[in-house]
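Residue numbers (my numbering), protein chains in the order written: chain A, 71 to 703; chain B, 437 to 655.
Hints should not be assumed to be uniformly reliable.
Unchecked claim - 20 Å max Cα-Cα, derived EDC-like pairs, lysine to aspartate or glutamate:
no.: 1; chain 1: A; residue 1: K286; chain 2: A; residue 2: E260
no.: 2; chain 1: B; residue 1: K649; chain 2: A; residue 2: D244
no.: 3; chain 1: A; residue 1: K176; chain 2: A; residue 2: E161
no.: 4; chain 1: A; residue 1: K176; chain 2: A; residue 2: E118
no.: 5; chain 1: A; residue 1: K286; chain 2: A; residue 2: E304
no.: 6; chain 1: B; residue 1: K593; chain 2: A; residue 2: E260
no.: 7; chain 1: A; residue 1: K286; chain 2: A; residue 2: E238
no.: 8; chain 1: A; residue 1: K301; chain 2: A; residue 2: E315
no.: 9; chain 1: B; residue 1: K525; chain 2: B; residue 2: D535
no.: 10; chain 1: B; residue 1: K581; chain 2: B; residue 2: D556
no.: 11; chain 1: A; residue 1: K176; chain 2: A; residue 2: D244
no.: 12; chain 1: B; residue 1: K581; chain 2: B; residue 2: D549
no.: 13; chain 1: A; residue 1: K286; chain 2: A; residue 2: E315
no.: 14; chain 1: B; residue 1: K525; chain 2: A; residue 2: E153
no.: 15; chain 1: B; residue 1: K649; chain 2: B; residue 2: D535
no.: 16; chain 1: A; residue 1: K301; chain 2: A; residue 2: D212
no.: 17; chain 1: B; residue 1: K525; chain 2: A; residue 2: D175
no.: 18; chain 1: B; residue 1: K525; chain 2: A; residue 2: E255
no.: 19; chain 1: A; residue 1: K301; chain 2: A; residue 2: E379
no.: 20; chain 1: B; residue 1: K649; chain 2: A; residue 2: E238
no.: 21; chain 1: A; residue 1: K301; chain 2: A; residue 2: E206
no.: 22; chain 1: B; residue 1: K525; chain 2: A; residue 2: E206
no.: 23; chain 1: A; residue 1: K301; chain 2: A; residue 2: E255
no.: 24; chain 1: B; residue 1: K525; chain 2: A; residue 2: D212
no.: 25; chain 1: A; residue 1: K152; chain 2: A; residue 2: E206
no.: 26; chain 1: B; residue 1: K649; chain 2: A; residue 2: E287
no.: 27; chain 1: A; residue 1: K363; chain 2: A; residue 2: D378
no.: 28; chain 1: B; residue 1: K525; chain 2: A; residue 2: D696
Claimed, not checked - Okay, the calculated bits of chain B under chain A, using three or more residues with CB under 8 Å as the criterion:
no.: 29; stretch: 526-534
no.: 30; stretch: 625-637
Read the hints as simulated data drawn from the structure, not as lab findings. Remember, predicted model here, so these are calculated numbers, not experimental data. Using N, Cα and C, we set each Cβ at its ideal position, and we do this for glycine too.
Now for the letters of each chain:
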Amino acid sequence: MAVSSPSSNILLLLLISSLDWLSTPGCAFVSDRDHTNPSAPLEPHFTECISREQETFRCWWSPGTFHNLSTPGALRVFYFKKESPTSEWRECPQYIHSNRECFFDKNHTSIWIPYCMQLRSQNTTFFNDDDCFTVENIVRPDPPVSLNWTLLNISPSGLSYDVMVNWEPPPSADVRTGWMRIMYEIQYRERNTTKWEALEMQPQSQQTIFGLHIGKEYEVHIRCRMQAFTKFGEFSSSIFIHVTEIPSRETTFPLAVVLVFGIVGILILIMLIIVSQQHRLMMILLPPVPAPKIKGIDPELLKKGKLDELNLFLSGGGMGGLSTYAPDFYQDEPWVEFIELDTEDADSGEKEDNQGSDTQRLLALSQPVSHHMNIGCSNAISFPDDDSGRASCYDPDLLDQETLMLMATLLPGQPEGGEASLDVEEGASASERSKRALIQTQTAGPQTWVNTDFYAQVSNVMPSGGVVLSPGQQLRIQESTSATEEEKQKNIKESEDRGDEKKQKELQFQLLLVDPEGSGYTTESHARQIGTPPSSPMPGEGYQTILPPPAETKPAVEDNQSPYIAPDSPQFQFSAPVSDYTVVQEVDTEHSLLLNPPPHQSTPPCLPQHPFKALPAMPVGYITPDLLGHLSP
Amino acid sequence: MEPWNEIARKTLKEGDGSQKIQRRQTLGGGVVRGGIVQRCPHQRPARPSLAALGQNALPQHHTRPGTGRVMTPRPSMCHTSSLQTPSDKAQALQISGSDLLSLARSLLQAWVDPLVVLSDSAYTLPHPAHNSISNKIQELQEHSKILGDGLDVLSSKMGPEAQTLSLLPYTGNDIGQDRISKLINFHFLMSCFRRDSHKIDSFLKVLRCRAAKMQPEMC
Numbered sequence: 071m072a073v074s075s076p077s078s079n080i081l082l083l084l085l086i087s088s089l090d091w092l093s094t095p096g097c098a099f100v101s102d103r104d105h106t107n108p109s110a111p112l113e114p115h116f117t118e119c120i121s122r123e124q125e126t127f128r129c130w131w132s133p134g135t136f137h138n139l140s141t142p143g144a145l146r147v148f149y150f151k152k153e154s155p156t157s158e159w160r161e162c163p164q165y166i167h168s169n170r171e172c173f174f175d176k177n178h179t180s181i182w183i184p185y186c187m188q189l190r191s192q193n194t195t196f197f198n199d200d201d202c203f204t205v206e207n208i209v210r211p212d213p214p215v216s217l218n219w220t221l222l223n224i225s226p227s228g229l230s231y232d233v234m235v236n237w238e239p240p241p242s243a244d245v246r247t248g249w250m251r252i253m254y255e256i257q258y259r260e261r262n263t264t265k266w267e268a269l270e271m272q273p274q275s276q277q278t279i280f281g282l283h284i285g286k287e288y289e290v291h292i293r294c295r296m297q298a299f300t301k302f303g304e305f306s307s308s309i310f311i312h313v314t315e316i317p318s319r320e321t322t323f324p325l326a327v328v329l330v331f332g333i334v335g336i337l338i339l340i341m342l343i344i345v346s347q348q349h350r351l352m353m354i355l356l357p358p359v360p361a362p363k364i365k366g367i368d369p370e371l372l373k374k375g376k377l378d379e380l381n382l383f384l385s386g387g388g389m390g391g392l393s394t395y396a397p398d399f400y401q402d403e404p405w406v407e408f409i410e411l412d413t414e415d416a417d418s419g420e421k422e423d424n425q426g427s428d429t430q431r432l433l434a435l436s437q438p439v440s441h442h443m444n445i446g447c448s449n450a451i452s453f454p455d456d457d458s459g460r461a462s463c464y465d466p467d468l469l470d471q472e473t474l475m476l477m478a479t480l481l482p483g484q485p486e487g488g489e490a491s492l493d494v495e496e497g498a499s500a501s502e503r504s505k506r507a508l509i510q511t512q513t514a515g516p517q518t519w520v521n522t523d524f525y526a527q528v529s530n531v532m533p534s535g536g537v538v539l540s541p542g543q544q545l546r547i548q549e550s551t552s553a554t555e556e557e558k559q560k561n562i563k564e565s566e567d568r569g570d571e572k573k574q575k576e577l578q579f580q581l582l583l584v585d586p587e588g589s590g591y592t593t594e595s596h597a598r599q600i601g602t603p604p605s606s607p608m609p610g611e612g613y614q615t616i617l618p619p620p621a622e623t624k625p626a627v628e629d630n631q632s633p634y635i636a637p638d639s640p641q642f643q644f645s646a647p648v649s650d651y652t653v654v655q656e657v658d659t660e661h662s663l664l665l666n667p668p669p670h671q672s673t674p675p676c677l678p679q680h681p682f683k684a685l686p687a688m689p690v691g692y693i694t695p696d697l698l699g700h701l702s703p
Numbered sequence: 437m438e439p440w441n442e443i444a445r446k447t448l449k450e451g452d453g454s455q456k457i458q459r460r461q462t463l464g465g466g467v468v469r470g471g472i473v474q475r476c477p478h479q480r481p482a483r484p485s486l487a488a489l490g491q492n493a494l495p496q497h498h499t500r501p502g503t504g505r506v507m508t509p510r511p512s513m514c515h516t517s518s519l520q521t522p523s524d525k526a527q528a529l530q531i532s533g534s535d536l537l538s539l540a541r542s543l544l545q546a547w548v549d550p551l552v553v554l555s556d557s558a559y560t561l562p563h564p565a566h567n568s569i570s571n572k573i574q575e576l577q578e579h580s581k582i583l584g585d586g587l588d589v590l591s592s593k594m595g596p597e598a599q600t601l602s603l604l605p606y607t608g609n610d611i612g613q614d615r616i617s618k619l620i621n622f623h624f625l626m627s628c629f630r631r632d633s634h635k636i637d638s639f640l641k642v643l644r645c646r647a648a649k650m651q652p653e654m655c
């Protein structure tokens with residue numbers, strides 16, 4: 071509770087010391103100085119008044135040079151205690167003549183009330199104005215008891231050590247009820263020296279002495295005084311501390327020898343085994359190091375001297391080269407694979423069924439497509455090797471559905487601006503005009519989408535971990551029963567870029583034929599690409615498709631366009647998807663997207679410099695909050 | 437951090453060393469030493485007193501009965517003497533916590549005004565260390581304020597008995613005109629403050645140890 075002491079002593083005694091200088095004993099000096107005659111009579115006087123525990127006190131007197139008054143009873147002690155205006159001088163309550171002592175017991179002792187002492191003989195009163203005091207100022211506590219020490223540690227050099235000294239408060243001082251607050255002072259010195267080292271005063275019952283020297287003997291004693299007062303009690307009896315050198319070296323020596331011999335023995339054993347070529351033991355001791363392997367690359371290529379071939383292989387040229395899919399899109403970014411599309415609709419169940427069935431169909435039809443996407447796993451299958459330490463391969467089944475859904479939703483619908491409208495304009499059917507207009511307007515809107523590739527408009531994150539995408543897509547999902555078919559179409563479109571284009575077109579064509587109800591498609595556009603104008607029914611109200619561009623236009627993934635449906639203009643809001651378009655700011659450790667990272671914690675306001683103001687409202691030093699509950703009125 | 441009184445003592449010791457001890461006789465038979473009148477027996481044989489041994493730290497608080505000596509008039513009683521407080525350990529342990537708190541708060545409140553007076557006059561005190569004394573008094577005022585606020589919070593939790601305050605007005609507003617009376621009155625006020633502050637400390641300490649019965653190490 072050292073911290074509490076300043077405030078706990080606040081009222082204390084500003085000026086113990088000021089009162090020291092205020093009340094220095096000038097008179098005596100003056101009197102002494104004036105008095106040059108050594109044989110001048112010395113009046114009977116009080117030598118000392120002391121209280122040991124702030125409950126009783128004693129005063130001793132001396133007859134001075136008046137030897138005729140030294141007989142017991144010749145001098146009487148009177149005291150004056152200003153309790154009331156009618157106080158008067160009273161005689162000592164208890165004499166101890168053998169000691170020339172007057173003892174004031176508990177009943178006669180009052181704290182904070184001034185006492186004045188007086189000696190009276192038969193006909194003379196010997197009184198000094200300054201023989202007045204209050205009891206708290208004459209307290210000299212008894213010395214602490216049970217002083218002992220324990221060794222704390224020895225320095226690594228083995229030359230010095232620290233010692234913890236502990237003791238008990240003096241039994242006469244009632245510290246338990248808080249009546250007295252005591253500070254202790256330890257002093258120590260080397261034996262047979264004269265100068266004591268004093269440690270800092272503190273109120274605890276223990277203290278550490280640092281830096282004692284091995285081999286030297288030390289003497290320690292302790293005294294105490296009341297906190298905020300000046301008078302020390304007597305010193306306790308001394309204890310002696312002596313620590314000699316500890317023979318620790320010998321015990322560590324054999325240990326070191328044993329250790330060294332053990333290590334040497336093991337090394338020799340290993341050497342023997344290696345030399346004797348015991349193959350089994352060799353395998354245990356020195357397991358073979360695996361050869362370098364890279365997924366999808368013939369180990370032969372990795373051997374020394376075939377760097378050019380390797381480069382060629384890696385760049386994609388030649389037969390059996392690495393496919394140029396963009397596997398990194400969903401392979402390097404682990405967060406992608408964990409996003410699951412959660413269509414949070416009430417009737418999503420139905421759609422899911424549709425989706426599932428459609429997806430299954432798609433899977434059956436486009437098996438090679440998905441196969442290509444699973445670049446890592448497929449290569450694993452095609453290049454078996456010994457090492458089984460491969461990183462987790464995607465579960466192919468899982469990936470199929472997920473990647474399809476993923477690509478369906480994540481790859482943004484990038485209308486190719488003018489191209490889409492161009493495509494539309496090429497169309498001849500009149501019924502498309504309305505859609506065309508919509509498409510045109512639509513293309514104007516999401517232009518902004520073009521610039522941010524692969525950004526999904528995440529509008530909400532489900533508690534289950536799924537991501538709800540933007541209203542644009544949501545509306546599409548909600549509105550169209552053939553939304554899934556749209557996705558399939560998108561998938562097909564995307565796979566166009568990835569693989570065999572013609573093959574995909576055939577797939578489309580097949581799909582269209584298979585699904586006569588495909589009301590979501592402007593099949594004419596597809597037919598245009600393919601070359602045969604099918605005559606499927608026009609899409610119902612409610613949505614449009616953005617026509618995909620010709621497949622030869624742009625490379626890589628920027629071209630991927632998922633045909634976004636433009637709902638009816640009253641329902642469609644260009645601004646909404648755009649405003650809800652959120653850039654994924656961060657990915658946290660659990661692979662969830664953070665769209666609005668939490669703001670940085672503002673630093674708490676600095677505590678004011680002034681130490682007083684830093685104190686809490688509770689009276690520090692007296693009551694702490696945990697003691698508050700124990701206070702009873 | 438050092439206890440407050442230790443800081444005060446050290447600071448004032450510095451002031452003390454720089455002053456020159458002056459001595460001269462006064463009418464009342466006292467000696468001005470260090471600027472403070474010390475009453476000494478005039479033309480008496482040497483008589484060591486308890487004061488000479490540093491026994492007392494307070495000047496007399498009452499008129500000297502029956503001595504018949506002329507002396508400089510001294511203030512007699514502290515302005516807080518009218519408050520009935522326990523005067524020994526038995527009484528202090530007997531009264532309730534609320535009463536202890538109420539007494540402490542009353543005493544603390546009673547010293548707000550006198551501390552202002554002391555603070556104002558400390559600066560012009562005819563003493564070499566008056567600057568540091570003035571600083572210390574200002575620190576005291578701040579400490580008192582903080583403690584007072586804390587005790588107010590505490591009393592609100594302890595019930596209505598702890599809330600009662602006894603008014604102890606301080607009527608003196610000037611510590612004197614001439615040098616000697618200034619010093620005397622200043623000294624007297626400070627000694628009263630010292631006594632009262634020890635009372636407050638004791639009462640609060642008793643209260644604390646009472647609350648920490650289950651945890652003696654907190655006492």
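Ascending list of hint numbers which this structure does not respect: Of the numbered hints given earlier, those the structure breaks are 5, 6, 7, 8, 18, 19, 26, 28, listed in rising order.
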